[in-house]
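A.B. asks: Residue numbers (our numbering), protein chains in the order written: chain A, 1 to 490; chain B, 1001 to 1469.
Do not take every clue at face value.
[Claimed, not checked] Pairs of lysine-lysine, DSBU-like flavour, derived with a Cα cap of 30 Å:
1. 1420(B) to 161(A)
2. 154(A) to 1420(B)
3. 1346(B) to 1395(B)
4. 1420(B) to 1360(B)
5. 1433(B) to 1346(B)
6. 107(A) to 1420(B)
7. 21(A) to 1426(B)
8. 107(A) to 1353(B)
9. 161(A) to 1426(B)
10. 1346(B) to 154(A)
11. 107(A) to 1426(B)
12. 1433(B) to 107(A)
13. 154(A) to 1353(B)
[Unchecked claim] Here chain A is said to cover these stretches of chain B; the calculated rule only asks that three of the stretch's residues, wherever they fall, bring their Cβ under 8 Å from a Cβ of chain A:
14. 1166 to 1176
15. 1370 to 1381
16. 1390 to 1398
17. 1402 to 1416
18. 1419 to 1431
For the record, the hints were derived by calculation from the structure and aren't laboratory data.
Here a beta-carbon is modelled for each residue, glycine too, at the ideal position from N, C-alpha and C.
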Amino acid sequence: MNLSLFIILPILTCLGILFAKGTQQIKWIALFGSSVQLIMSVVLFFQYIQLPASNTPAFQFDAVWYQAWNIHYHIGVDGVSIAMILLTAFVVVAGVLVSWAQDWQSKEFFFLLILLSAGAYGFFISLDIFTLFFFLEVAVLPKFLLIGMWGSGKKEYSAMKLALMLMAGSGFVFVGLAGIYFQSSGAHTFDMLQLSQSHLSKESQLLFFPFAFVGFGIFTALFPFHTWVPDGHSSAPTAGSMFLAGISMKLGGYGCLRVATYLMPEGAHYYAPYIIALATIAIIYGAFATMMQKDLKYINAYSSVSHCGFVLLGIGMLTKTSITGAVMQMVSHGLMTALFFAVIGMVYSRTHTRLVAQMGGLLKVMPFISTIFVIVGLCSLGLPGLSGFVAEMTVFVGSWQNADKLYRIATILSCASIVVTAVYILRATGKTIFGPMTDSHHLALTDATWTEKTASVLLMVGILAIGMAPFWLTNLIAPVSNDIIQHLAR
Amino acid sequence: MQTNYFILMHHELIIAITIMVLMMIKVGSDKLSNQLVANVTNGLLLLSLVLGFIVQPEGNVFGDMFYTNGFMLLQKNILVAGTLIISLQASTWLKDYEHAAEFYILLLSTLLGMCFMISSRHFMMFYLSLELSTIPLAALANFDLHLKRSSEAALKLIISSAFSSGLMLLGISFLYGTTGTLSFSEVANTIQLNTPLQLFAFVLIFSGFGFKISAVPFHLWTADVYEGSPMAVTSYLSVISKGAVLFVFITLLFNVFALFAHSWYYLIVIVSLFTMVIGNLFALRQTNIKRFLAFSSISQVGFILIGLSGGTHTSAASVVYFIVVYIFSNLGAFGVIALVQGLTGKENIDDYKGFYQHNKTLSWMLGISLFSLAGIPPVAGFFGKFFLLLSGAEKGAYWLIAIAAINMVISLYYYLNIVKNIFIDKSETPLFKLPIAVQPRIAMIICVIGVLGSGLCGGLYQYIFDLVK
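If we strip away everything but chain B, and leave its shape as in the complex, we get (with noise of 0.2 Å):
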């Protein structure tokens, strides 16, 4: 082996060594410190993180089913930040509890499946990474032990990534039948029009990845899993393991079937228009804070969707650029509600009535990050949602943007709603001060400065532009 080939995967390597690392102190410690366990972890991401900055080859590895560039390695250094901020939040959760090296393990084997698959350039390498990245995530949703509920979200979870998985699958040998080839360049050199099972193939891995982008029809598994996860695991769910799908997602659409593209482009917008209406309408009527936010995520996975459908540069740009934004967005809101449902056990939107009269940061953290979510400016996710907008609208498809820009006032709606019980509510019982732990501290401004740099600063979006191949 040579060099190269570490420096080529060394996102890849630095988490399979964490999760060595991490194996070995757990079998090798009598009384196991959960915060080295977690200093530990943090560190490297840290490092990889740094890292991939810093040391950005392109080459492939492994007979071209493994491929770099500059693009791949910033979904990668999006992803691993967006883990680490994570691991900073969950700190306080997994402090005391007993299988905190197992979490980390767990949870960065599905960084590492993840990895593997964003670099993947043949499909028998993508199904092993999506494996990869799913099966943990089942275990993962478990971890709330001594809850029933969580058991029923690992379940479910499970089953349905199991059944997506195989449909997956199945389309994959298809491809293979009809053109022989499992590599993507192949693939994409080989692939024919009119040929219905081509198609076919292609509609089926298409269902795969809906799955997993909690797009409509494949959401239904979306509430009740991040409902019945504990809270580190379905901040996991919604913006990392959505946004490598969707990295994936982008490569295969606009590499592999671009000759599809003018099929593929009526299948997407469809699917976002359902998506979004679906996904606003139910997030209308929920009490529980975790579903609501299940169901404002599949709307902005409409979004998305609206944004792929350009199927430009610009787009795949702003695809990307949207979800670093996301990441901020969700994560700093879900810093805050993880912070109440730790130390206070409410999950209810009314138990947030009064919020901000004991707890004007955190009030404001929260404030901020559902402003971005609902795409007001001056935070970025009114950039966000823009630019996919836009270059949904390059197509021509002025409907579709209309139809978006009224699912917007509909989200503000919610979103305004959960803001009004915060701010101008008042309550009997309003939660106490609640105490910010230095790491969720830091993971929260992280958080912000990245919701309110990353819209009026516009170079964040140029560098992504420029990387975009």
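So that you can see chain A by itself, here it is in the shape it has in the complex (with noise of 0.2 Å):
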């Protein structure tokens, strides 16, 4: 499998959708686009798993791009790699077919969504820290665009506050990436394989790694500098609040865990106390501050907040099973708030409105929009079965296998954060849902049509099959937590 296929294929997209006439034909080009791309991400699943088993990345590709740096275009897979593009994959298909009916400047913006999509491949699949920060910075800009364009709301604020706040994340990674790049012993380089095997002094270690791990951590809404995601979530049109709930905030995850961490294994542990405290803080105020709102999707946005505060958690405590929980977080809440954005944006192309107090008694006029709310509220809270349990639970088992008194009232506060978790949604449910209708006008309202019914399917394939079988998530993951682990260890 040629992972740079990974790329090329988004980019063809991208000129195919330039190039078509009729917004009937970008639609087309970019699902048929997005939906190969699946297939082939379907198709690398399988062929990684009959491997055997390797410490080593797979399908590896490697070119000089820039001699004199010794920057290299180097590429390759391991199991966290193809779970992240797997669940890439999936949110770009669905969004897609959940903008379905955007025909203002279609042209624009399928290309930017088609281009944010080759970003985050590009950074999932590399393994050279330039080429990773490369693609990380890719996305800045469709961002941008996309929520100033088609957002709504005060989309020119959110926009302007998720371009600098991430351009600022990018910045401090820049600098850690500095430091680990001329820091090393050995020859400089920026091959992630390479500085793995090289050692950083401890100095050195101390002072880039909280350059990185905060850089990375903007990304993944670590508090205090998480304020750019309800604004950006809320204002961005649907397939991009997908987009940036679903994927982007998992690139600062897999960046902390792979970049920061891994490289720098004595300034995580060193740390790491910080680290857990922060992403507690992040968990229980998210919680709370999402209590407190009445617009769905502001609701979403500050709970994904909470949720990524997991991800961070799980990287934090530094166990070889919260590792593994760290990174399924990252993928069941991708697919979950993607599919919880998809929801809410058919909700409210209908009626028109955000606040839960304007709506009430959907589940009579819409009954399978209704019924995917029911079900991504109900996982969101981490009910068995669904992934968020799965993946929660993973985390908690393994945050608790540290005896340290703080890590165990970390994760005590945290599993508390789920009843929090459950009185938002729940309240949330029962209002927009069940109970009486508020306005006469949502009787007329329709239900699903077929590309948001194929898009909440795809979504909750996903969901379903990590909530009901995990097995096949965790033996992708479990392996390179393992390495990862073995890693620090040293």
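From these two lone chains plus the hints, build me the complex, please.
C.D. replies: So this is what it looks like as structure tokens:
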């Protein structure tokens, strides 16, 4: 499997969109391109699990890009990368389907969306930190334009805030990268495999680990740098929110794990208490802040802050199970929040309001959408059988393995936040889906179209697959987290 | 004179021949066709560029006053290419202008001066060519003859240039006084540490350079001169003039004053810090797009100085690479702005609201150039800035890189502000669909291809790196 296809194919799709005439052609080209990408991801998954177990990434490809700086276009995948690629593929196809009614400047919209996905794929297959950073930053401008042009509410403000904060995150990451590049023993290199063998002095690690971790953490809504999330996700168009919350936030988690923690293990050990403290605050603060929200999209956005706190908690705890749980939470939350935003988008396009108080009894008019809404809500609060439970359970079990008092308290507090999650989910669901109708205009609403149904079912399949039979995902991720823990122990 | 000399100085010779041909055309014809003048200039510049890549001699002339090798030829090629793009972009403005021939003659005179300056190996040659490149520029700044602000710009430019040249000359004379020689190589061998007068001479020379590249605190002339000059001259000042001086600066710092490296390192670091910050802070407040680009170019110089502070082979290559990328990005932006200003007379950032509604191609061209200036992938500006900052980090100044990263965020704000105006804001009175003539279109296509290609292909950087001596 040639991994460069994962970048070439979206670019080709973008070119196809550029030269297409008419909205129908554009949409079908986008759908075709992203579906082929999805099939390729599944094929990659099956090819990978048939390979013998090894510690080195599979399907590697290396080409010199800038010889003077020893920058290589080096790509390869392992279990965690494949999990994230699958996530990206599912969310992008669902995003394209959900945006089927997007008629205004559709060419630019789908072009930017597919370009974003190219950036995400490139990020997950990179084995060279420069290439990783390149793909991380490629996404900034499409996000800005997507939110600013097709968003709603205070879109210009949200777009600018998002772009600036993510750029600040990239800036911090850059300082960390420069430190890793110059301070590693041996020849200067950006290659992650070579860097994991070389050694950085403890002082350098203590200096540069915060830069790298906080930089990537800004992408994953590390408290107190999470403020771009609520406005950014809520002002974005539906597909934009799905991508932002589903994939973009996971770029940060992946970076925190692979670049910050893996390459600077002593730094990770030293700063672990701070990371856990901040993650716990994010989880609890996010949950309580969500309870106050009246707008459905803001509810989901703040709950994303809370759920991504679990990812950082798992990474901070530094045990094999907690890291596995963190990655599972990345995949699970990605699918779940994408589906939630999709459903909210469907509701919004029909009722033209996102305020919970103005909606009620939608089960009577939109049975399919309401059912998905309820299922997603239950996934968010961790109902067994759905992916949220499996991921969060793994994180808690992994966190509990640390006998330190601080860590145990953090674990208990994070567990407790599930109750708060239940409160806001059940309240929002109960009011909008069940209960009496608040607006007689809503009686005339239609249920989901075929594209929306396909998108929902697609994401639902992912959520159920993880929730009912999580072993395929854990078998994918566990060897990698094993490797990470062994590397940290050295 | 041997044919050897012709080959060694082929850039300068072709430019000088162009000047003389233009003068003869101007003097000899009753009714001058501006199109002929433009075509002659563009054709000969293109010839010079092509020959510059094919014929690559190395050697010195005039008793080691003039020296050329592959690296110098590359620098001259870059300047000639930039001038060609500016000439193409200025073609619509000059088509009906009665003094078109004079414009080209003056422009090529400055280019000639810059080529000599890059090749100079002797302070006398260097100063002569510096003056040759500066004085016609002041005349060029005045070319919007009917506008008072143009005359103001020209006067500001010539007076400040004269003052800074005077300072530089004082530095050179002190250097001569303490070392007894003006040749670059002999000065490099003769200077000693702990000689205060030599260090002071260096500071004076540095001040002269700082003026030409608009480093802080020598930047005060920049905004007014950029705003008052005609668009073509502004673009020339912002890329070619700066680029040439930076090229000479590399030679001066790394070869001549290499002994003072530990001293000029701190000097450059502090100057770059102030330049970045002040350039960014002032750019935030601008409403006129020419003044805005002036301050944004000041902050870009701050980044270049960070790269320069590294002091190694890769630093020099990164600076040259960034200048190439900067030429493409800045000229791409200026091309669109010149078109808008030429056809509608509008220069305010707010006039660009809703630009996307009728001018999709131009919006994307301006957008891509702005993304490159901001340093966002996949365009080349990202690679340029990345390599500059990495070069700066080589000596361990990570605090400087952190501040530079923060400045990139600030600069992103004002670039995105324009992008927002173009793409996102709606307007009751958006600018109508602007027709693009053939020559500006070619220039803009060259810029866009340059901006997109020079980053993604590693070959350009490697080519530059291999040539650096």
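A.B. asks: Looking back at the numbered hints, which does the structure fail to meet, lowest number first?
C.D. replies: 3 and 14
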